[in-house]
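**Q** Let the hints inform the model, and build the full structure from the sequences given.
Which chain is which? The protein sequence lines are A and B, in order. Here this note's numbering is used: position 205 in the first sequence is 205, and no number is missing along the way. Convert by adding 1000 to the 1-based position in the second sequence; the result is the number in this note's numbering.
I should point out that these hints are in silico values taken from the structure, not numbers from a laboratory. One thing to keep in mind: the hints can contain errors.
[What the hints assert, rightly or not] Cross-link-like lysine to any residue pairs, in silico, SDA-like; alpha carbons within 25 angstroms at most:
#, chain 1, residue 1, chain 2, residue 2
1, B, Lys1265, A, Arg32
2, B, Lys1265, A, Ser31
3, B, Lys1265, A, Trp199
4, B, Lys1098, B, Asp1138
5, B, Lys1098, A, Phe174
6, B, Lys1098, B, Tyr1078
7, B, Lys1265, A, Glu58
8, B, Lys1265, A, Phe174
[As the list claims (entries may be wrong)] In silico negatives: residues of chain B with every beta carbon more than 12 angstroms from chain A:
#, residue
9, Thr1038
10, Glu1041
11, Ala1044
12, Ile1046
13, Glu1081
14, Thr1135
15, Thr1148
16, Ser1153
17, Asp1154
18, Arg1161
19, Arg1206
20, Ala1231
21, Ala1297
As the structure is a computational prediction, the values presented were derived from the model and not from experiment. Just so you know, even glycine gets a beta-carbon here, dropped at the ideal spot from N, CA and C.
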Amino acid sequence: MHTRLNGRLVIATLCLVLAAAMLLGVVVGESRISFTRAMAIIGSTFLPIPADWSQSEESIILLIRLPRVILAALVGAALAVCGAVLQSLFRNPMADPFLLGISNGAALGASIVLVTGVGYGAGILGVPVAAFAFGLGTIYIVYELARVGNRVPVTTLLLCGIAVAAFMSAGTSFLLFLSGENLHQIVFWLLGGISGRGWDYVLLLLPFVIGGSVLFFSISRSLNALMFGEESAQYLGIEVESLKKIILVAVSLVTGAAVSVSGIIGFVGLITPHMVRLWIGPDHRILIPVSLLFGAILLVMADLASRVLLAPNELPIGIITALCGAPFFAYLLRRRGREA
Amino acid sequence: MKSVPVLICASLLLIMAGCTTIGEHPAGTVTFTDDCGTTMEIAAHIERVVSLAPSETEICCAVGGCPLLVGRTDYCTYPAEAAAVETVGGPRTFSVEKVIGLEPDLVLATTVTDSIRVQEIRAAGLQVVVFRLETIEDIYRNMKVLGTLLGTSDDALLLVRDLSAREAEIESASCGGEPVRVLYVLWDEPLYVAGNNTFQNDLIVRAGGVNIMSDVEGYATVSEESVVNRAPQVIIASREHTSGLARISDRLLSRPALAEVPAIKENRICEMEPDLVNRPGPRVISALEMFSRCIHA
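**A** In structure tokens form, the structure reads like this:
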């Protein structure tokens, strides 16, 4: 009972922190638009506020900063929650959403479009659609390779993931080699980023993140049981194999959607659930929503840093997540080691 | 403004005096020091040339050295005469063995060429001249030096005189008046633009514009917000190598976040053949002409 209450408090606090972070993301930027003006611009979308600002200020707030902050939150939430679920499924703290080669497959898909130009006819969505399709295709190959009859042994799944991921990234490297003057386009995609994506991408990702989160939260009790091993979970009446399938499909869809809009943003999916576990313990009923919120906050702040630190230059966000995340993570691990 | 060509000539002389020295030797060779300070003995009469950079291929052909060319890179496809020559591979991935096998008297490279491969070629006893090409003056100097080495000095001088006359004409036509705010875009997602100390920046300024990203060093990714905030009046975009289907300019035009940018509102986006701008070669004056036309349209 005590942890339940504590969990609710933590979740409520994090919701406030996320709201504050997003507000900060909307208010801070190169063009100095005042806080009240920024709020008035946002308010004017649903309230009759007379416009005393310029059209460009309105574009900056409503079409650049706002969708960007929301997209950062969605991508961060998606990666963190998928990381949390996969770490539980594999009972391995090294697991992250990119473990089974989904990012390598997505990178290959995006690179093919960027190098050959095939699919550009589909307009702005050519690259994300190819990334999504290749990401899911990769997971499917890994799954089929690892499948023994109706069972999917976890170790085989991980090893197949490594093999297929290596194959896919070799394909991407080969395309990089061939790409010549299109090199920078692929490199940008590989570095990851949510710059200049706009509302289209927000709408693209939103259903996946909502659907995935609801599903993961609804199976949090089963995930708790799974922590004691597949056999024990089976005795508790959980259909482990079908649970595994559901998780793999859902994680693939959510991660695939996130990767397709943002490229490869590393570390968020690995460290967020880990940090949360160290902080609030392993109960998935709390772990899942807290990871989701924490991932969202982390990426909103990382994105803010990426565009403010060297403005008007924009740093690839993946550099920031790894640069700040890795030392902090190491610190947490060391501290826990000493306490134990 | 009249004094600009004079200044250019003066600085040209200074650069030539400072960096490049050519001295005759009795044994049929000349002593030559390239832009990287490497001194070498080069045959006075050159018959076989391999170029390891598209810009060097274009310059070599422009000064009348095309018939001497026996090797080029995959990207050296201009002029058509050069495209018929055997290739040694990509500009950064070429085969050293192939270069040596072609037995050139002279190998042309730039500071962008892989220096480890250059060392390997030199170790095999071949002469590699490395040129530094960062400004239009560098190109003129490269032309004159190459003309001297290949024995086509007259052609080279004529070419430089012609190009600098065209350049002076553009620059004098585009001076005066409020400078136009220009943005040069190499890629749209993320926005990858030309900042200070780039060839494109040089062209924008010479054509009478001001680069809105001149506070950014080199090529860089910038935020959409900075573009909206700095409100460029003209956008020049690199045409993509990949496909003609979706062009950068179309994608920029259809981007809602940029709709309030003056250049996009008034549809003042020009597309440039990337080879024309990205290669510091003889066609750079044509690029300058296009910049000028675009900026003053």
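**Q** Output the numbers, in ascending order, of every earlier hint that fails for this structure.
**A** 4, 8 and 20
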